[in-house]
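Engineer: Sequence:
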Amino acid sequence: MKILLVEDDNFIGESIKDYLEFEGNRVDYFDSPIKALEEIYPEHYDIFLLDVNMPGMNGYEFYDELKNYAKDIPVIFITAYSDIEHIKKAFDLGAADYIKKPFELEELELRIKRLVFKKTNNIKITENYEFDLNKLRLFYQGEEVELTQNEKYFLEVLIKNIGQVVEFERFRDYVWDGKDICDNTIRTQVKKLRSKLKEDVIKNVRGIGYKIEKFK
448 MKILLVEDDN
458 FIGESIKDYL
468 EFEGNRVDYF
478 DSPIKALEEI
488 YPEHYDIFLL
498 DVNMPGMNGY
508 EFYDELKNYA
518 KDIPVIFITA
528 YSDIEHIKKA
538 FDLGAADYIK
548 KPFELEELEL
558 RIKRLVFKKT
568 NNIKITENYE
578 FDLNKLRLFY
588 QGEEVELTQN
598 EKYFLEVLIK
608 NIGQVVEFER
618 FRDYVWDGKD
628 ICDNTIRTQV
638 KKLRSKLKED
648 VIKNVRGIGY
658 KIEKFK
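Numbering (the working numbering), first residue to last: 448 to 663.
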């Protein structure tokens with residue numbers, strides 16, 4: 448999954464980033480909410496992890512800004528505050544969860560998975576294909592299909608937006624971390640991925656992007 452982490456304490460921020468990336472996630476870490484707003488596409492993340500007490504703009508104010516672009520993405524507030532007023536404010540703003548410092552990194556990971564994968568991990572794509580969103584594994588009739596890391600990310604963003612067109616810019620940000628790659632690189636990625644599939648799963652939407660239809 449792709450995670451936005453904003454935490455002004457670099458030791459805590461780097462520790463969270465290293466742990467979550469070791470577990471196979473992608474983490475964009477910023478120590479300043481103002482800098483983050485300048486560089487991110489909020490709607491391209493699966494979850495936000497936001498410290499509350501930050502200079503310039505606190506976590507609550509930052510989340511108010513994020514909601515203008517990505518109101519349905521869950522947020523976990525990270526804070527040293529333990530009083531009920533701060534907890535109440537977080538949930539009033541729409542927080543999905545709230546974790547108090549100090550905490551175990553494994554606990555944070557469990558809370559993230561509960562929110563992002565609260566419905567199901569396995570998504571049926573066709574009668575024969577199924578994708579495990581938790582472990583990013585594709586199965587054909589129960590047997591795993593060998594994929595590169597980028598192919599896994601490519602399918603991940605398509606399946607999280609199943610039934611909708613995913614535009615080229617979204618792929619650049621989600622799969623290639625915003626690198627300035629050309630559309631032909633994305634088309635080549637699709638061609639290689641299609642060569643591994645026995646069915647026409649990925650649909651081309653000319654000049655816009657790609658999609659996977661919902662399985663009925």
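Simulated from the structure, these hints should not be mistaken for laboratory data. Be careful, since some hints might not be right.
[Stated by the list, open to error] If you anchor each label on the Cβ, the simulated ranges turn out as follows:
#, residue 1, residue 2, range
1, G654, E553, 18 to 28 Å
2, I546, D519, 17 to 27 Å
3, G503, K548, 11 to 21 Å
Glycine is no exception: its CB is placed at the ideal position from the N, C-alpha and C atoms.
Engineer: Of all the hints given earlier, name the ones this structure violates by number, lowest first.
Structural biologist: 1
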